[in-house]
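Chains as they are written, first to last, in the UniProt record's numbering: chain A, 1 to 397; chain B, 1 to 397; chain C, 1 to 397; chain D, 1 to 397.
Certain hints may be false.
What the hints assert, rightly or not - Using 27 Å as the maximum straight-line C-alpha spacing, the simulated DSSO-like pairs for lysine-lysine come out as follows:
1) B:LYS59 with C:LYS6
2) D:LYS59 with A:LYS6
3) C:LYS6 with C:LYS59
Unchecked claim - Derived list of chain A stretches under chain B, where covered just means 3 residues or more per stretch with a C-beta under 8 Å from a C-beta of chain B:
4) 71–78
5) 216–227
6) 287–293
Hints were generated in silico from the structure; no laboratory data involved.
Glycine residues also receive a C-beta, built at the ideal position from the N, C-alpha and C atoms.
Number of protein chains: 4
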Amino acid sequence: MTNSSKTPLNVALVGHGFMGAAHSQGWRVAPRFFDLAYEPRMEVVVGQNPDRVEVAREKFGWQRGSTDWRSVIDDPAIDVVDICTPGGSHADIAIAALDAGKHVICEKPLANTLAQAEVMTEAAERASTRGVRSLVGFSYRRLPAAVLARQFIEQGRLGEIRQIRAEYRQDWLTDENAPITWRLDRALAGSGPLSDLGAHLVDMVHFLTQSTINAVSATSTTFVRERPLLADRRGLGGTASNERGEVTVEDAVWFTAKLGTTAVASFEATRFATGRKNAFRIEVSGSRGALYFDVENLNELHFYDGTVAPAEQGFTRILVTEPGHPFVSAWWPAGHVLGWEHAFSHQIADFVSAISSGENPSPSFADGLRVQRVLAATQSSAQNNSAWVRLDSSAPA
Amino acid sequence: MTNSSKTPLNVALVGHGFMGAAHSQGWRVAPRFFDLAYEPRMEVVVGQNPDRVEVAREKFGWQRGSTDWRSVIDDPAIDVVDICTPGGSHADIAIAALDAGKHVICEKPLANTLAQAEVMTEAAERASTRGVRSLVGFSYRRLPAAVLARQFIEQGRLGEIRQIRAEYRQDWLTDENAPITWRLDRALAGSGPLSDLGAHLVDMVHFLTQSTINAVSATSTTFVRERPLLADRRGLGGTASNERGEVTVEDAVWFTAKLGTTAVASFEATRFATGRKNAFRIEVSGSRGALYFDVENLNELHFYDGTVAPAEQGFTRILVTEPGHPFVSAWWPAGHVLGWEHAFSHQIADFVSAISSGENPSPSFADGLRVQRVLAATQSSAQNNSAWVRLDSSAPA
Amino acid sequence: MTNSSKTPLNVALVGHGFMGAAHSQGWRVAPRFFDLAYEPRMEVVVGQNPDRVEVAREKFGWQRGSTDWRSVIDDPAIDVVDICTPGGSHADIAIAALDAGKHVICEKPLANTLAQAEVMTEAAERASTRGVRSLVGFSYRRLPAAVLARQFIEQGRLGEIRQIRAEYRQDWLTDENAPITWRLDRALAGSGPLSDLGAHLVDMVHFLTQSTINAVSATSTTFVRERPLLADRRGLGGTASNERGEVTVEDAVWFTAKLGTTAVASFEATRFATGRKNAFRIEVSGSRGALYFDVENLNELHFYDGTVAPAEQGFTRILVTEPGHPFVSAWWPAGHVLGWEHAFSHQIADFVSAISSGENPSPSFADGLRVQRVLAATQSSAQNNSAWVRLDSSAPA
Amino acid sequence: MTNSSKTPLNVALVGHGFMGAAHSQGWRVAPRFFDLAYEPRMEVVVGQNPDRVEVAREKFGWQRGSTDWRSVIDDPAIDVVDICTPGGSHADIAIAALDAGKHVICEKPLANTLAQAEVMTEAAERASTRGVRSLVGFSYRRLPAAVLARQFIEQGRLGEIRQIRAEYRQDWLTDENAPITWRLDRALAGSGPLSDLGAHLVDMVHFLTQSTINAVSATSTTFVRERPLLADRRGLGGTASNERGEVTVEDAVWFTAKLGTTAVASFEATRFATGRKNAFRIEVSGSRGALYFDVENLNELHFYDGTVAPAEQGFTRILVTEPGHPFVSAWWPAGHVLGWEHAFSHQIADFVSAISSGENPSPSFADGLRVQRVLAATQSSAQNNSAWVRLDSSAPA
């Protein structure tokens with residue numbers, strides 16, 4: 001921790017996998033580029049296995065390690081609990097933390113079940129009345145290109161939104177001998193790319209349009225139904241055994257959704273798009289304009305202004321690295337591109353800012369719940385011959 | 001007509017709109033770049049209005065004009081009938097021509113109804129036994145990039161095909177004050193972008209995979225339900241009146257389809273993709289590789305070879321303008337790009353070649369019928385809550 | 001020839017190689033898409049070898065063949081002489097034709113020597129006073145993207161032009177065992193990529209800026225100095241022999257040039273840019289905007305407007321296929337891309353239009369001469385340690 | 001500082017501008033992703049003005065501040081001196097630090113004069129014999145795409161290198177009313193984009209080819225010769241005054257260079273390429289292949305393999321984010337893109353690794369000197385009518 005004159009904000013990280021690393025980078029870096037009201041202190045990282053906790057502690061740069069998340073909740077010195085565990089444990093930790101008055105960041109998806117997500121949302125709303133802040137980690141909302149896209153839409157530059165194309169494509173399961181990890185086990189992961197990748201897409205559509213999906217029709221498929229089992233059956237990695245097991249989640253899912261009375265969004269989430277590594281791509285078409293961006297080239301937003309002279313119309317490649325662009329002035333001079341991880345620093349900066357300003361940050365747990373209702377409806381449609389499932393728009397949150 | 005030593009092949013063109021112009025260019029140009037067995041003669045162009053026929057005759061460069069397609073069928077000097085009329089008249093003309101022993105090119109879609117398409121297919125098969133050739137005009141099959149794509153797939157370079165993404169996006173209806181033409185009238189056009197654009201997509205998927213779609217689930221929508229009527233109600237153009245009428249076709253359609261036992265293809269056909277002018281784009285993902293191309297950049301095929309060293313994998317932009325590429329050596333030196341219309345010259349070259357070699361050219365009327373069965377099933381699913389419609393794979397053709 | 005009501009314009013083509021094929025396509029196609037005042041008739045093609053002339057005649061679709069270009073000049077029925085021979089014979093044919101009152105198209109480069117080019121230019125100016133028109137075939141000027149680029153510049157959309165980057169890159173000599181053709185022999189070709197490719201670049205810079213290069217500093221190199229000789233030493237193709245000969249032209253050339261008092265253009269012309277097939281690319285940067293286009297994607301113009309709100313600035317990819325774009329409305333609906341050869345139809349259309357309107361078409365022989373003065377200065381600088389060579393701006397033409 | 005079990009490595013940063021921020025990020029982040037032999041401690045940041053030092057200390061996260069770089073040299077607890085001051089002070093600080101046994105990172109350019117650079121190189125070589133390491137900060141060498149490019153070249157995948165195109169284009173001076181900062185004053189900056197941008201290009205060419213430029217011919221220009229002066233004449237920012245002053249550096253420079261006996265590289269460095277923000281782009285063409293990358297899209301390397309089947313040749317867009325790619329496995333899963341600043345973490349990781357392994361890191365001060373000799377020759381040629389200047393290849397270093 002640096003020798004700062006600011007009031008410290010003591011943070012506990014629960015979970016130290018891929019997302020724990022990304023959140024750690026956010027806590028480490030955000031205060032060095034953004035003028036935060038508090039000085040975050042990376043106090044304690046929590047995991048299950050003491051040896052692995054110690055490795056993570058030193059690698060990620062936390063002061064202490066712990067194997068007991070409840071002790072963190074009980075520790076009055078901790079101000080923030082940042083939850084990066086698998087989805088099944090989110091509810092217990094988040095609710096306990098919120099009830100104990102800790103500000104909470106919870107990695108997406110909010111929970112593995114709708115019921116859990118609903119209880120968490122209630123807890124967050126309760127806590128909010130006591131000045132306790134919470135946020136769900138849809139980090140892509142804080143890519144500069146995404147924020148700029150939302151600004152254009154909000155300003156009416158696209159006119160009435162009609163069509164949206166949202167796709168998140170990876171290819172890491174193309175090899176049919178890739179083993180079964182926990183992500184391919186419905187009991188542990190809930191679903192396949194739907195929750196892992198599709199959740200990001202649904203939240204982005206909600207974010208960009210400021211509207212909520214109200215109906216879906218879906219199809220999903222599993223291309224490779226049997227794969228080698230891991231020697232260590234917990235699905236956390238290691239070597240493959242000679243036995244084979246069943247893949248119980250989908251490999252790819254496609255769905256069509258309605259927003260408001262007019263707009264239609266089509267979605268694709270897949271782990272089988274050969275050659276596509278992290279291709280989160282969204283295109284929004286409206287009556288006056290259109291835009292698209294792709295996370296494989298995340299410093300660019302392509303904007304089509306249908307109101308300029310016809311001979312000059314076309315998609316403009318905006319390099320979202322200029323001083324007036326969202327978040328950009330905190331970083332480097334014009335044209336110096338950011339990476340995937342920067343969204344996590346932006347998330348921390350906005351979260352700390354919300355704590356100090358006394359406003360609820362977004363996306364809220366209620367936003368996370370909205371996403372999960374869509375995912376649940378999608379699964380239901382896919383299991384029912386693609387019949388349309390309507391979402392009860394009168395439901396709370 | 002040029003002063004050629006070759007046996008002439010006398011051609012009649014029926015219909016002289018946009019497609020009539022494109023087919024005329026094919027007849028005019030193909031013999032100058034391809035070494036054909038016959039010398040096509042652009043003998044007669046047929047239309048309904050004598051004045052407009054004369055304009056088209058001189059503009060497109062035909063020897064004679066006629067307002068009576070039946071007289072052309074009766075003319076023993078005519079060898080080929082090329083049909084570019086609206087879909088509703090295809091069956092009558094094509095069947096008469098085939099029965100009279102004329103070789104027939106019929107623009108897509110094959111017909112406006114399945115019943116017509118079936119009778120036409122029977123006529124084509126009957127005629128084939130007498131050496132009479134027929135072809136349906138899915139011209140995109142003859143873009144060099146499409147042929148190269150099919151070669152890669154046929155050679156197993158993609159392995160097992162798993163996912164296909166097929167989209168055809170235009171934006172000419174984005175303006176809600178664009179008037180109602182015949183294309184927006186179900187009675188005349190059958191459907192909207194489904195038959196106009198979707199037919200190309202479905203045929204391309206069949207062509208690339210050499211497989212047939214056997215089930216579909218679809219959604220369609222009409223974004224703008226009322227538009228100005230034309231003063232001239234036939235929907236062929238002219239100025240808008242003050243009255244408004246109802247749009248009776250879809251503005252956009254999305255569908256998911258299955259091929260064989262594993263592959264899934266997702267489709268989008270729309271006239272509301274703001275900023276997309278003629279964006280026919282297809283991506284095919286398999287267990288060993290992937291490829292995509294886009295008709296807005298039709299000289300490029302992007303190919304991903306999943307079998308090269310991992311550090312070197314990526315989509316290769318193949319400029320399909322090199323001597324060894326399909327159709328290319330007939331044209332210009334390396335790197336000199338072709339345009340959209342060249343596919344029509346390729347179509348003529350292959351059609352004339354089929355006549356001389358005595359083989360049936362493709363796509364056959366049966367291929368056209370296969371496409372229309374898919375379109376009919378798509379419409380049916382879209383009208384039935386997106387329920388899956390299975391296609392009877394045992395149906396003839 | 002079609003049965004047209006228009007006054008015929010009888011054309012003779014001299015030379016039937018690659019450029020003869022391209023010009024033939026222009027004569028064949030232009031009248032079918034553009035409403036010309038005359039109906040061109042492809043009367044006679046001229047070459048040296050009677051057998052090859054007859055092959056070309058039938059292939060390209062001319063009425064007659066001839067081996068005597070002077071007889072064509074003497075033929076009062078011929079209205080236009082289109083010269084596609086190697087540069088060394090341009091002067092004789094063009095001057096004779098112009099003096100005989102024939103309109104002349106002369107393929108670039110105008111001539112192999114400055115002296116010839118000067119005499120030709122005088123002949124053209126003399127002929128012009130008698131209503132005889134002439135044009136040099138810098139066809140890239142008539143790509144829609146190039147014309148649109150010039151319009152933007154002319155309208156001041158780029159402000160003051162400061163920097164230009166012009167490159168024309170091919171790779172067909174990368175293989176060091178490619179044999180020596182006439183293009184690698186200074187005696188026949190004059191120079192290497194400088195005249196073959198660089199001439200196009202220089203003319204395009206003149207066209208876009210409406211300014212003339214007034215000084216150059218150049219470097220050239222020959223990467224592969226010895227290559228196999230052809231069995232047939234004329235350098236026109238065929239098989240390689242076992243002997244090797246010296247390459248006497250440059251393989252690549254780079255030069256920097258000045259226009260007016262401020263602007264600097266940098267040039268590269270090469271046959272060794274591995275992977276680049278016909279990469280003619282130009283970027284113009286001004287005080288208020290910039291633009292670029294690339295002939296490998298010739299339907300696109302990228303335009304940067306530095307006067308829009310900073311957060312929205314970026315290069316706009318204009319698909320130059322829309323109704324308001326230059327030449328486009330003659331062809332196909334929106335979004336249907338053109339190819340390399342279409343520029344030749346545009347050239348014919350404009351040339352015929354100039355004949356009927358009585359105006360001199362451009363680029364004129366004087367424009368061709370301006371280019372050759374730059375090429376000569378470039379060669380001189382390259383041979384003199386890259387010292388700057390100034391062009392006498394007071395020279396006629 | 002984190003609570004680490006590793007031996008600390010105490011670092012002092014001298015200078016806290018843009019580069020100080022970037023180096024700070026490197027020291028902060030590298031140990032959290034790379035398994036370094038030492039734990040860097042960000043001990044002290046040094047500047048001239050105590051208030052601004054304190055701001056930088058807290059913002060960048062250093063333990064202490066100082067206004068006396070000599071005290072840092074004298075402090076036995078300091079292990080590393082990282083120099084981010086303007087070029088004129090590099091020599092004094094670096095030589096003192098090296099002589100005092102501190103490891104040194106020196107930001108580029110190595111110095112403002114050749115004489116200084118030579119003395120520094122001698123000091124570095126002397127220090128090296130005592131186990132003291134030094135490195136000059138050409139950070140682009142450590143972009144994963146650049147390292148992968150070098151690997152391909154080293155493995156012979158490009159064959160014999162023939163042509164290189166290197167350009168670094170920005171546009172921040174396009175506005176002619178942008179004021180004169182120290183970067184536009186020859187006395188302070190030495191030169192304009194030549195040293196600022198061109199130095200990176202020259203080093204990259206040396207790095208990729210493992211060869212040294214041995215001759216150059218150059219042209220430079222100043223488009224805008226007078227600009228507003230700043231109210232504060234030191235040129236460090238603030239508001240413009242009503243007075244105007246002279247720009248004494250070039251605005252753009254072009255040069256052609258030779259490497260070995262065959263290869264030619266062409267260079268462009270400019271601050272007037274309207275629409276180009278940080279467009280460092282390099283293309284290398286060889287007898288068997290080619291490659292290019294662009295720092296505006298720094299996660300991509302485009303590689304052309306001229307040895308695959310001709311019909312499959314093309315530039316492959318390699319997304320350099322996969323596990324086997326240089327530096328990548330330290331960061332995120334496949335497809336998660338890095339930003340511009342990551343190269344600074346790679347630089348620190350390699351530097352610390354060199355300290356522990358006892359090897360000299362690269363680029364060495366001698367490498368920096370090689371670059372500056374090229375820059376000096378370039379300036380000399382530009383001032384002498386673009387005459388070629390040869391570099392004495394027998395010069396030490």
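Now for the hints, and whether the structure bears them out:
no., hint, in the structure
1, B:LYS59 with C:LYS6, "11 Å, holds"
2, D:LYS59 with A:LYS6, "11 Å, holds"
3, C:LYS6 with C:LYS59, "25 Å, holds"
4, 71–78, "violated (count 0)"
5, 216–227, "holds (count 4)"
6, 287–293, "holds (count 4)"
Of the numbered hints given earlier, the model fails hint 4 alone.
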